[in-house]
Amino acid sequence: MFKRVTLAAAVFACNCSGDDTLLEDVASQTDELRNCSEVHGNDYLNVINAYLNGPGRSEWTSADCKLMAPIWTGDDDKGQLFSPLWRGPGGGIDDWVPAPPSGNCDGLKGTVRIDWDRAQNTVHYRIKLSNVPVSPTITRIDGGDPEILDPQNPNHYKPPGQATWWYNPFHRAPKDFPIIPSDGTAYRLWTVFTTFNTQQAPFYYDAQTLLLKGSVAEYPNGQPPNTIPVSFGNAAIYASSLIYPNRKGFASRDYTVPYNQVTSEDGYWSYSATTFVPINLCRSLQYQPVLGQLRPYSPPLLPASQGQPFDFILRQGIGFDLTIEEGRPDVPPGGDDMNRDYIYSGIGFLQNNPAVGGGVPWGWHASLPNAIQNVQPAIEPVPRCEGFLSNPHVTAPLFCQGQTSL
Amino acid sequence: MLNKKNFVRLLAGSLLLGVAVSAHADSNDDRLLRDIFDRAFRFSTKVEFLGLVTNQNNACRPNCPLPDADPNVGRLNFGFNAAQTAIDNSQALFQGHSVMLGVGDIVSNGRACTTCHRPDTRNGSGQVTEELKLGLPHAFPLTSTIPLADPLFTGREADDGAHPQAFDNLNNHGLVGIKPGRFNNVIAWNDPFREVIEWRKVIRLVNTGLTIGFLNDGRMRELQETARGAIFSHPQLFDERFDDLVKVPNPNFPAGPPVFEDRLRNIVAFAETATIDPPALRAFLNPADPTLNPQCSFASGSQCTPVDCQRVTGSWSCDLYTVLVKDPFFTVPVQTEQQRRGRDIFKDQCMGCHSTPNVFGNIEHVPGAPLSFAPKINHTFDVGVAQRNTFNLDFRAFTCTTKPVQGVGCPQKAFKTIVLPLAKMDGSTVMHTVTADPGAASATGRYEDLFRFKVPQLRRLSKLAPYFHDNTAPTLEAVLDHFQSSYYSNSADGRKYPIHLNNSERADLLAFLRIL
Numbered sequence: 001m002f003k004r005v006t007l008a009a010a011v012f013a014c015n016c017s018g019d020d021t022l023l024e025d026v027a028s029q030t031d032e033l034r035n036c037s038e039v040h041g042n043d044y045l046n047v048i049n050a051y052l053n054g055p056g057r058s059e060w061t062s063a064d065c066k067l068m069a070p071i072w073t074g075d076d077d078k079g080q081l082f083s084p085l086w087r088g089p090g091g092g093i094d095d096w097v098p099a100p101p102s103g104n105c106d107g108l109k110g111t112v113r114i115d116w117d118r119a120q121n122t123v124h125y126r127i128k129l130s131n132v133p134v135s136p137t138i139t140r141i142d143g144g145d146p147e148i149l150d151p152q153n154p155n156h157y158k159p160p161g162q163a164t165w166w167y168n169p170f171h172r173a174p175k176d177f178p179i180i181p182s183d184g185t186a187y188r189l190w191t192v193f194t195t196f197n198t199q200q201a202p203f204y205y206d207a208q209t210l211l212l213k214g215s216v217a218e219y220p221n222g223q224p225p226n227t228i229p230v231s232f233g234n235a236a237i238y239a240s241s242l243i244y245p246n247r248k249g250f251a252s253r254d255y256t257v258p259y260n261q262v263t264s265e266d267g268y269w270s271y272s273a274t275t276f277v278p279i280n281l282c283r284s285l286q287y288q289p290v291l292g293q294l295r296p297y298s299p300p301l302l303p304a305s306q307g308q309p310f311d312f313i314l315r316q317g318i319g320f321d322l323t324i325e326e327g328r329p330d331v332p333p334g335g336d337d338m339n340r341d342y343i344y345s346g347i348g349f350l351q352n353n354p355a356v357g358g359g360v361p362w363g364w365h366a367s368l369p370n371a372i373q374n375v376q377p378a379i380e381p382v383p384r385c386e387g388f389l390s391n392p393h394v395t396a397p398l399f400c401q402g403q404t405s406l
Numbered sequence: 001m002l003n004k005k006n007f008v009r010l011l012a013g014s015l016l017l018g019v020a021v022s023a024h025a026d027s028n029d030d031r032l033l034r035d036i037f038d039r040a041f042r043f044s045t046k047v048e049f050l051g052l053v054t055n056q057n058n059a060c061r062p063n064c065p066l067p068d069a070d071p072n073v074g075r076l077n078f079g080f081n082a083a084q085t086a087i088d089n090s091q092a093l094f095q096g097h098s099v100m101l102g103v104g105d106i107v108s109n110g111r112a113c114t115t116c117h118r119p120d121t122r123n124g125s126g127q128v129t130e131e132l133k134l135g136l137p138h139a140f141p142l143t144s145t146i147p148l149a150d151p152l153f154t155g156r157e158a159d160d161g162a163h164p165q166a167f168d169n170l171n172n173h174g175l176v177g178i179k180p181g182r183f184n185n186v187i188a189w190n191d192p193f194r195e196v197i198e199w200r201k202v203i204r205l206v207n208t209g210l211t212i213g214f215l216n217d218g219r220m221r222e223l224q225e226t227a228r229g230a231i232f233s234h235p236q237l238f239d240e241r242f243d244d245l246v247k248v249p250n251p252n253f254p255a256g257p258p259v260f261e262d263r264l265r266n267i268v269a270f271a272e273t274a275t276i277d278p279p280a281l282r283a284f285l286n287p288a289d290p291t292l293n294p295q296c297s298f299a300s301g302s303q304c305t306p307v308d309c310q311r312v313t314g315s316w317s318c319d320l321y322t323v324l325v326k327d328p329f330f331t332v333p334v335q336t337e338q339q340r341r342g343r344d345i346f347k348d349q350c351m352g353c354h355s356t357p358n359v360f361g362n363i364e365h366v367p368g369a370p371l372s373f374a375p376k377i378n379h380t381f382d383v384g385v386a387q388r389n390t391f392n393l394d395f396r397a398f399t400c401t402t403k404p405v406q407g408v409g410c411p412q413k414a415f416k417t418i419v420l421p422l423a424k425m426d427g428s429t430v431m432h433t434v435t436a437d438p439g440a441a442s443a444t445g446r447y448e449d450l451f452r453f454k455v456p457q458l459r460r461l462s463k464l465a466p467y468f469h470d471n472t473a474p475t476l477e478a479v480l481d482h483f484q485s486s487y488y489s490n491s492a493d494g495r496k497y498p499i500h501l502n503n504s505e506r507a508d509l510l511a512f513l514r515i516l
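Same order as they appear, the protein sequences are chains A and B.
Note that the first sequence covers residues 1 to 406 in the numbering used here.
Note that the second sequence covers residues 1 to 516 in the numbering used here.
Next up, chain B with everything else stripped away, as it sits in the complex:
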């Protein structure tokens, strides 16, 4: 256990030595320990996903199978109208009866999924003028398109605890203040893992069902858990109690068995199936379902032909899933010679991480059902974006000076520098002062996870700007600038996966990225 006296002594000692305790040590020992850490995961590269539809290969999670999960109802529960053209919270899931007996009904701050995952912008005649891919508007400040009275702004304190920098970060950068451990009742109210804050983008929802590990750092293991966490964290102002209002129990519980209303599962079914793009990738959702994964044929409308089968397998008969797995670029419309060259460069220099065929997330994952021991069922990477902290974000917590009162909060707040005790692979504890986004480490508590984030999927990439977990790259050119910078080449994974592009190769790669 940490010893307070020695901790104080060491902090003082480090100050005397002029040591900046926030920087990430990166000695040869650290690199060895990081390699050992990565080898301690049982990663599989089989193309399988852990969503609701795809449980045929996995042991069943709680409440599955889910024959009653309806994506169309899920769209309404998400906060859309039936046509998905406008926000309509009349059936949205964001408030209701709490499972905490004695608490009663929970009234939220008006936020639903669509508060952040918004519909496309349309003109007066209903035509789409800006594709948002279920994210926030691309242009900043957000107040240029979203009124200040919108729950996005009025409910902001539920996330960031009234952090003084929060409005600017949201309005000017599209970043939300996330406290990943805020509801962890197992640890003290002022534990650094409860207080640590991260400034993260709202992820646009494309191929949500074809990812492994959710949120920017991959800490969520499956989509139901992810949606549940979002629904409870974004509308609730206080951290002391995690009010579970999705699974509505029988009010007479425990006198009678609990009965559940599972709108959450509908939301997940919607997010998993309605965001698949291009449509052929639905075959990944459940290869055993011929309606999703048909045999290749010459019939009109078939998404693959026997010729494709012959090319990728040597046989004239196969299914769409097989073609998608064997030909990682099958659904990418490469037409020009420059795009073709760009594809080859991508294959050579980018697919070490963006390895999922036709999706281009990272396919390395722990096989099987999501484990009880959270989190990290995927492979996350440190590419130097967090340490760069381009927007000079303030990672001090703005937190209660005394223990908060349940249902009331805290009367006084102050800035507090967060020091996370992180476990190192050799068993030592590293006191890490948070001055940049810790990445997955703030959830796992592992030193080797510092600054690691999930590898995002890349389909419709040109519509997904701004890029990176902190929205610091406004264009694809800016993304490549980062990967050609010393921030990348000096990062932990930049050293392992070096990228070298001359001007011509860079132009070719950009041409390819734009058609994803």
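So that you can see chain A by itself, here it is in the shape it has in the complex:
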């Protein structure tokens, strides 16, 4: 704390011609940058560029240490993206971001480097994690939702302010895990299209109850009878395989997928068209959706043959979401039977969103509700090292039959 106060004081002293105020209780990532600088020199862009001009090394380099924001090179055909991963969910609605068990977030960081080459038909990932907890146990608290009851735990609800989990019949990730202790937990990097505008999918609501029955994933032959179709935008998410950090909390993983048809790391699957929808249509407004109830919805992963070309992905904007998942090494993203029970856990940990202009700085995260409603700012601050739930949307004004309040 003393060092941070000193830094703030120094800023005042250096800029006394008239400065903005640097909050002393909002620790600056400049501390970390300067620590890197002391060891590796002061020339940020030269260090980053030198790293990008060489092969992505597996150890934690000075470039990984220094990297403050995404940096891009090249074009659609051949280029690179090198992005830091900071604490927080990748956008996130109902993502629980746990605190590290140690309570210490110093040095907690990840980096992702992607090198793409259309001529070589390659998209090469290099993912590194530093100081992440090894196999953290996840325990969530049931939340109250007046209409969506968890049949397993009908009486265990807490008020929204205390809850870190809501039962969602269309996203049945386990509340607590690992279910089998010996499995432990691991990390998975999701590459996320960040354009909700471009892909739409129909969802079907019961005409009488107005409750969600499913989407085109459940009804591939079209609209079922006695339903109301409503279209919602979605974002494609692509998975790495599970990443297991070593006992020091460090991990390095690299893999290559085809440029012309991007797949998950394992090569078996392409993407899940994930979105956020109201379970009860009366609790949403199509043009101001974040005023209403929103819940994660991830249909099964599509086969590899439906993977999109990487230039298409680039032009939709790329985001990253590192989640904590059950650690069973033989389980692909999507679970044993590829049902919707477990596409992703809803436990966010590290993130960035290079599609946000300037990327997402340390201590902030991209705001998914703001993105959906197209309001600014696109980023919002997150707690520095405490656990928190990202943007829960449990209840909202009713928009059916002229009702505008509960």
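Hints listed in this document are in silico derivations from the structure and should not be mistaken for laboratory results.
Fair warning: there could be bad hints in the mix.
[Stated by the list, open to error] Estimated spans, in silico, between C-beta atoms of each pair:
1. B:Asp289 to A:Pro258: 42 to 52 Å
2. B:Gly314 to A:Thr73: 21 to 31 Å
3. B:Gly314 to A:Asn121: 25 to 35 Å
4. B:Ser27 to A:Thr73: 26 to 36 Å
5. B:Asn28 to A:Glu59: 26 to 36 Å
The structure displayed is predicted, hence computed values, not measured ones.
Where a beta carbon is used, it is the ideal one built from N, C-alpha and C, also for glycine.
Following the hints, position chain B against chain A.
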């Protein structure tokens, strides 16, 4: 999250230190962070635009393709008569049924697009006496040509919330009080991002379809979104609710599927196609359409010849788009030696920012469909105009002292100094006191975006006065005065793109700018 106690303590501390918290810190660290910020965008310089007609290279946005978008109907929906010679709001889009169920019909304050984007001034025989390029009259005060009973004045409070300086700013400078975050229901009613006010010019509409990022600060990503925001913000008095009246739903919704009436798309089609100037630039709208982008030929009326192709590509065959891209001055009628010298000076000293060939906006943009994560799909610049605040505009909000009542507003207002918490690239939060136009930062919330604005297109420049986002340069000479001043050379982008002109070069450049 911001800590109120520490915030107050720091504000007090800064006052004790004699620190003017409104000024923009500009240390070496800040310059490095700004460079890092700019490198964090994936900018492309390919000549492609994101309009309705040009979606062939992009993933489709909602509701496109738009085969039914009719620019001629759009002209009527914009608020013109069919000949575009006079205001006629009989088919204009500015009021109607709200999508908010239970709200019903919305009645506006009488404003339509043509309230600000006005037709040319004509004499009694119908001849144009003043080209307005779909903007406000050039002469101030505006009341010398527009009656006080015009919705421009009577509906003013919808924008500025009855700010005491607003009438003078509009009447004497042509500036509208804009609150970019006023309808953001995600944040509290008194959040500084909802209350911050900016005094901005009405942009004249030239080559609207050939720009990337809309409004003065580029915060709008595409034209449909821009038009929608304008239609809802300028006629509506209250900020508590954003009443979407363009997409008229089935009144029985949700019992039946929504059906939409999309006059908005007609307006966009009109604005995108009818403002292209000179006409050859229509080839940019859709290079795949041979009616817009013909092959060059010697035929009568062809806008380019095989000789042009040979000159720019080495081949005798090409299309108009290729010539326009390869020869950035192809459509500029350079005739005199002075204009030619001016063109070379422009190329050397101005095209670092005004880089779009034949349009002379800035071509750097994020490729692909407009992203969900707003805003900034273009490259904005700080050239020192905002900090100069030539008109000494008051950037305090004039705002409710208590939470407004829906549909009623607030009973009492007072001035309030706005302090924006801006995210800095190193993760810290800077409490920025707004005493000058924050530029793109008031939309993005990013410290590195302070005082940045979109690079405007320059065609028909001599008809576009007054200049800059705040109308502070009445002439082209005044524009060059600014770019030769310390306000520019000390600005963030002035340092990166220095301009040096002697008197002779300045005269040559002016001669060139006048023929754009």
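Margin query: Given a hint of 25 to 35 Å, does the C-beta separation of glycine 314 (chain B) and asparagine 121 (chain A) actually sit inside it?
Written below: The hint (25 to 35 Å, Cβ to Cβ) holds, given that glycine 314 (chain B) and asparagine 121 (chain A) are roughly 31 Å apart.
Check: Does the Cβ distance between glycine 314 (chain B) and threonine 73 (chain A) fall inside 21 to 31 Å?
Finding: holds, 29 Å
Check: Holds or violated: 42 to 52 Å for the Cβ distance of aspartate 289 (chain B) and proline 258 (chain A)?
Finding: violated, 33 Å
Margin query: Just to be sure I understand the hint, the distance between the Cβ atoms of serine 27 (chain B) and threonine 73 (chain A) should be within 26 to 36 Å; is that true here?
Written below: holds, 27 Å
Next item on the list: Could you see if the CB distance from asparagine 28 (chain B) to glutamate 59 (chain A) stays within 26 to 36 Å?
Entry: holds, 30 Å
Hint 1 alone, counting from the list given before, is not met by this structure.
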